[in-house]
Structures are given as structure tokens and as C-alpha cells.
Amino acid sequence: MARTLRPGYLDEDKHERSKRLEWFDLDKVQNTKVLVVGCGAIGNETVKNLILAGFKKITLVDMDRVVRSNLNRCLFFDDDDAEKKKLKAKVVVEKAKKLEKDLEIEYRSEMIQDLPDDFIPSFDLVLGCLDNVAARLHLNAHCYMHGIPYVDAATLGFVGKVQVVLPPETPCLECGMNKTHLKIMGDRFSCTGVDTTYHEPKLAAEITTTSVVSAIQTRESIKIALGLQSDLMQNVFYYDGMRNVSDILELDENPECPHHMHEKQVSTADRRSSARQG
Amino acid sequence: MTTRIKVKNAETGASVDMDLEQDNTVEEIIESAASYWEKPAGAYVIRKGKQVLRGQATIMDAGILSEDVLELIPDPEGGQ
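Residue numbers (this note's numbering), protein chains in the order written: chain A, 1 to 278; chain B, 1 to 80.
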């Protein structure tokens, strides 16, 4: 039977323009289980981007509550959320459903480090939208161990960074760290007595840099969902909005990084085992 | 033998000469430059062109040569 056209039919499908990209596969995107850790500035922006891009199975993790100082860069938060000190992850879930009613979105209001060991491996893709090195290292280690792609984004004022970790092909987050990273982590967790409160300095943050890194983070996530591994960013995207420059920085695998040492130990053990069998 | 390099402060454009021995590490360059410019507490890395240099590497391992220009850049940690 001949198909009957109706004027305006091209504007009835929400994803019609995305489907015009020859490599785009909405089913693959919709069926990818994504974990977003951190529902602050980058988390807000990235959840919005993921939903508009077609992702439907999204889990959020964040234990913080909304405060007024979040409102200069967080799309989903408003004055009422801040006044009632609502849970960030809960607010994002509720408002995200207004963008897409068929979302399978849920949240956990806990520290990522406190979730059970089988939590992270239950996802196809993990996105780091965090504000501290310790939680990033936790995600990096668990994703690397379980072979799950991890896309990390971070900002500091007008400076931003996105790193794609695709185990075992790429270096991991820890490969690029040095003593200065360990120092800020050590300062935060130094054991100086139960009554001691570590003063955590507030970092500069604004929406334009957040938008840039979030866009790159989402773009790489789409490629991962579609299996476009050869088109993935293999190194580190670095953005400096004050100087109006961005660069892809090259990062080598660190032979002293514990994740890669483990790989080498495993492959050495495999070789020994093969030699014995041979 | 001393290797003289230039370290640039990516945030201000300022630069400083630094004399290095072969066993100095990239982390020592970061610490010296960050202290010299009184950088706030935070994570920093050194780039040489497009390459991020590994913190534990000595200048010999990292292939740092006389008259090289290295750049101290902040490694962002924020996102909340």
C-alpha cells in the first residue's frame, strides 16, 4: 500500500533531526545504561544533554543538597529548591522528567564510595561530574577494573578538562596525576582528630565553561553508546576560556600507575600460563 | 650538567628560567614554579607542547632539553 504523507510530518518526531546523522542509532543510545556521578553544575548540564541526545536509562548519584550559590550554573535548580534544601539528585530526577516523560531515571543519595561493589559494573557507561579527586579515583579504579568506559569532566573558573578512559586501550585518570593531586586529597582526609573540620576552599565556577566541557563529555558518550570507538578522543581535551584556546593534550600510560601495573602482571601471568601449557 | 629551561605560567603568561639537574623530576618543577608564583592550593601539571609530562619522570626520562619551554597549567578539580 502506498504511504500517505501529511504536511508537517517531519516535525512530529522529537529525534527526527538526530536521525539525519547517518551514524546515529537512537535504539543504541536509548538502551545504554548511564551512570552520572555528581549532580552539580556539570551534572545538571550533562543530564540535560544526555536526555536531549536520546539517552533514557540514567542513574544519578549525589548526596548534596541544593544551595543558592548553585543557581548561577545549574539548569534544574531554583530558589525554592535552595530554600527547602532539597536533595540535588532528587530535584534533577523530577525536573528531567519534564524534558522527557518516558525516562527511566533514578537516583541514589549516597557517596559513590559507599555503594556496593556490584553497583558500578551494572552500567554500560560512567560519567564523572564531580568536585574532588578522591571520588574521581574511585570511579576511575572501578571502571578500569571492570572494563567500563569512563568520561570525566572538570572545571576551574574558565579552565575545563574532559578525559575519556576506555579500558584497556587508553591511559586512565590516575596516569595523569602527580603529588599535587595527592596533596589536595591528603589535606582533605588528613586525620588530625575527630573534632577537626577541614576547610574546603570554594572553587570558581561559571556556566560557560561548564557548558563547554559538558558538551564534550556528552558528545564522547554518544560515540561510546554507538560503538564509534575509533572516533573517540584518546587523550585529554583541555579548554582555557580566558585565552580562547582548546587543545587535545597527549597523556601516556604511567608504568607506575597501579591499574596498568595490574594489567602487566595479568598479561605476564597469562604468558607464563601459556608457556607452561605449550 | 645543568639544563636551563623556561617555565611559563599559563594563567598569567609570565615565565621564569629554571636550572635543572638530570635527576630532577617533573613534580619538582611543578612545586618550584607553583611556589614561585604563589599559586593557590590545587592540582597542576606541566605540559611540553601537547604532551602532559608524568610527574614522577626525571627530566631525562621526560626528554626535557636545554631551552625547552614548559607550561604550568591548572588541572581542574571542580564540577559541583
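Hints listed in this document are in silico derivations from the structure and should not be mistaken for laboratory results.
For each residue, glycine too, the CB sits at the ideal point set by N, CA and C.
Be aware that one or more of the hints could be misleading.
Take a look, some chain A residues computed to stay more than 10 angstroms from chain B by CB distance [what the hints assert, rightly or not]: (1) Asp27; (2) Ala53; (3) Lys56; (4) Lys84; (5) Pro116; (6) Phe119; (7) Met145; (8) Cys175; (9) Met177; (10) Ile184.
List time: in silico DSS-like cross-link candidates among lysine-lysine, alpha-carbon distance up to 25 angstroms [what the hints assert, rightly or not]: (11) Lys98(A) / Lys85(A); (12) Lys48(A) / Lys85(A); (13) Lys86(A) / Lys97(A); (14) Lys101(A) / Lys48(B); (15) Lys6(B) / Lys179(A); (16) Lys202(A) / Lys19(A); (17) Lys202(A) / Lys48(B); (18) Lys183(A) / Lys39(B); (19) Lys56(A) / Lys19(A); (20) Lys14(A) / Lys97(A); (21) Lys179(A) / Lys48(B); (22) Lys56(A) / Lys84(A); (23) Lys50(B) / Lys179(A); (24) Lys6(B) / Lys223(A); (25) Lys179(A) / Lys8(B); (26) Lys202(A) / Lys14(A); (27) Lys84(A) / Lys97(A); (28) Lys202(A) / Lys50(B); (29) Lys95(A) / Lys84(A); (30) Lys97(A) / Lys223(A); (31) Lys84(A) / Lys33(A); (32) Lys39(B) / Lys179(A).
Unmet hints by their number, sorted upward, for this structure:
8, 9, 10, 14, 16, 17, 22, 24, 26, 28 and 31
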